[in-house]
Amino acid sequence: DQQVKQNSPSLSVQEGRISILNCDYTNSMFDYFLWYKKYPAEGPTFLISISSIKDKNEDGRFTVFLNKSAKHLSLHIVPSQPGDSAVYFCAASLSGSARQLTFGSGTQLTVLP
Amino acid sequence: DVKVTQSSRYLVKRTGEKVFLECVQDMDHENMFWYRQDPGLGLRLIYFSYDVKMKEKGDIPEGYSVSREKKERFSLILESASTNQTSMYLCASSGSGRESGYTFGSGTRLTVV
Numbered sequence: 001d002q003q004v005k006q007n008s009p010s011l012s013v014q015e016g017r018i019s020i021l022n023c024d025y026t027n028s029m030f031d032y033f034l035w036y037k038k039y040p041a042e043g044p045t046f047l048i049s050i051s052s053i054k055d056k057n058e059d060g061r062f063t064v065f066l067n068k069s070a071k072h073l074s075l076h077i078v079p080s081q082p083g084d085s086a087v088y089f090c091a092a093s094l095s096g097s098a099r100q101l102t103f104g105s106g107t108q109l110t111v112l113p
Numbered sequence: 114d115v116k117v118t119q120s121s122r123y124l125v126k127r128t129g130e131k132v133f134l135e136c137v138q139d140m141d142h143e144n145m146f147w148y149r150q151d152p153g154l155g156l157r158l159i160y161f162s163y164d165v166k167m168k169e170k171g172d173i174p175e176g177y178s179v180s181r182e183k184k185e186r187f188s189l190i191l192e193s194a195s196t197n198q199t200s201m202y203l204c205a206s207s208g209s210g211r212e213s214g215y216t217f218g219s220g221t222r223l224t225v226v
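Keeping their order, the protein sequence lines are chains A and B.
Position one of the first sequence corresponds to residue 1 (my numbering), numbered consecutively onward.
Position one of the second sequence corresponds to residue 114 (my numbering), numbered consecutively onward.
Don't read these hints as lab results, they were simulated from the structure.
Source: prediction; values computed, not measured.
Incorrect hints may appear among the rest.
[What the hints assert, rightly or not] Calculated pairs, BS3-like style, for lysine-lysine (alpha carbon to alpha carbon, straight line, at most 27 Å):
{"#": "1", "chain 1": "B", "residue 1": "K166", "chain 2": "A", "residue 2": "K5"}
{"#": "2", "chain 1": "B", "residue 1": "K166", "chain 2": "B", "residue 2": "K184"}
{"#": "3", "chain 1": "B", "residue 1": "K166", "chain 2": "A", "residue 2": "K37"}
{"#": "4", "chain 1": "B", "residue 1": "K170", "chain 2": "B", "residue 2": "K183"}
[Said to hold, decoys possible] A few chain A residues facing chain B, derived, Cβ under 8 Å:
{"#": "5", "residue": "L34"}
{"#": "6", "residue": "E42"}
{"#": "7", "residue": "G43"}
{"#": "8", "residue": "P44"}
{"#": "9", "residue": "F46"}
{"#": "10", "residue": "S49"}
{"#": "11", "residue": "S52"}
{"#": "12", "residue": "G60"}
{"#": "13", "residue": "F62"}
{"#": "14", "residue": "P82"}
{"#": "15", "residue": "L101"}
{"#": "16", "residue": "F103"}
{"#": "17", "residue": "S105"}
{"#": "18", "residue": "G106"}
[To be verified] Only some residues are given here: those of chain B computed to face chain A with a beta carbon under 8 Å:
{"#": "19", "residue": "G129"}
{"#": "20", "residue": "F133"}
{"#": "21", "residue": "L154"}
{"#": "22", "residue": "G176"}
{"#": "23", "residue": "Y177"}
{"#": "24", "residue": "L203"}
{"#": "25", "residue": "F217"}
Cβ coordinates follow ideal geometry from the N, Cα and C atoms, glycine included.
Kindly produce the complete structure, drawing on both the sequences and the hints.
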């Protein structure tokens, strides 16, 4: 049973528009969430994170929103650029754990020029 | 520049062979992980280690073992390779703080024929 779910395997967006990637989780003990980006033939790289004590965290073009009551988080990319085309994974860690992450299945984002 | 290095980018092995995947990190991280990435399934945790000579099973440990004799090195062993172990294997390491997340290697694409 997947505890972290990304229900959209793929997303296409026009360059300059907003990309919204979604992630749902089932374990209420998760209290720290991260987004990773992965290009083909490379390992995932850390993008942005959020603690459960916040509902928003922003870093440049990237913003992550957390809705704890809905057990839902989203990543917004504004404006989207062709170089953002990659697979995006959301991940979650348990309260008190500094170590183990549970990943979603990923969403392939394609930004069209 | 900090690094997680996986010894091979591509491997082709025969069914029944014993396969070693090596991972080395230069960040003095306590924690190391092995994941496999498959389409539609995301990243699944095989094994992880909190310290030298310590190992813990992840979500899908069957058919795998690990070795951590030195802090910087974490090896994944396929005791008798099977075709269903054809996958992308990703090694990662992390420090004690959650904010840093994981640093991943570039991955090893293993094909078992």
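* Against the structure, test the hints numbered earlier, and report the numbers of the ones violated in rising order. => 1, 3, 11, 12, 13, 14, 19, 20, 22 and 23
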